[in-house]
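J.: The whole structure should be built from the sequences, with the hints applied where relevant.
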Amino acid sequence: MASFIAKQLIGNQLDSVKGALGDKKDDDGGSGAHEIDPEVEAARREAEERREAKHQRMEEEREVMRQGIRDKVRSHRLHISRPESER
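In terms of our numbering, the sequence shown is numbered consecutively and its last residue is 88.
If you're looking for bench data, these hints aren't it; they were derived computationally from the structure.
Cβ atoms here follow ideal geometry from the backbone N, Cα and C, with glycine treated the same way.
Hints may contain errors.
Across the chosen pairs, the derived CB separations fall in these ranges [as the list claims (entries may be wrong)]:
hint : residue 1 : residue 2 : range
1    : Gln57     : Gln9      : 45 to 53 Å
2    : Val41     : Glu61     : 26 to 34 Å
3    : His35     : Lys55     : 22 to 30 Å
4    : Met66     : Asp38     : 39 to 47 Å
5    : Glu36     : Ile6      : 41 to 49 Å
6    : Ser4      : Glu60     : 30 to 38 Å
7    : His77     : His35     : 57 to 65 Å
8    : Glu61     : Ile37     : 48 to 56 Å
9    : His35     : Gln57     : 29 to 37 Å
10   : Ala44     : Val74     : 39 to 47 Å
T.: In C-alpha cells form, the structure reads like this:
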C-alpha cells in the first residue's frame with residue numbers, strides 16, 4: 002500500500018516536470034487542426050483498398066476450402082449411414 006502511495010506522489014511530480022519542459026506532443030503551434038498531405042491520404046486509402054482486397058481473396062479461398070470439407074463430410078456421412086446391403 003505504501004508503494005502505491007509513493008508512486009502516486011512521485012508520478013504527479015514527474016507529470017508537472019514533463020509539462021515544464023515544453024515537449025508536449027499535442028503542441029503544434031496553436032493551429033488546432035492537423036492537416037494531412039493529400040498524397041499521404043491517397044496512399045493510405047490505396048493501401049487500405051489493397052488490404053481489403055487481399056482479405057476478401059483470402060476469405061473466398063477459405064470459403065472454397067470450407068465447402069470442400071462440408072462436401073467430404075456429407076458424402077462420408079451418407080456412405081456410413083447406408084446399410085451394408087445398399088453399398
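J.: Each hint needs a verdict: does it hold in this structure or not?
T.: Hint by hint, here is what the structure shows:
The given range of 45 to 53 Å is respected by Gln57 and Gln9, whose C-beta atoms sit roughly 49 Å from each other. Distance hint check: the CB atoms of Val41 and Glu61 are about 31 Å apart, consistent with the given range 26 to 34 Å. Restraint check, His35 to Lys55: a C-beta distance of roughly 29 Å satisfies the suggested window 22 to 30 Å. A hinted range of 39 to 47 Å for the beta carbons of Met66 and Asp38 is consistent with their spacing of about 41 Å.
One distance hint, 41 to 49 Å for the beta-carbon pair Glu36 and Ile6, holds here, with the actual separation near 44 Å. For the hinted restraint 30 to 38 Å between Ser4 and Glu60, the CB-CB distance of approximately 49 Å leaves it violated. As the Cβ distance of His77 to His35 is approximately 59 Å, the hint placing it in 57 to 65 Å holds. The beta-carbon spacing between Glu61 and Ile37, approximately 33 Å, falls outside the hinted interval of 48 to 56 Å.
Checking the proposed 29 to 37 Å range against His35 and Gln57 shows it holds: the Cβ atoms sit about 31 Å from each other. At about 45 Å, the CB distance of Ala44 to Val74 agrees with the hint of 39 to 47 Å.
Hint violations for this structure: numbers 6, 8, all remaining hints satisfied.
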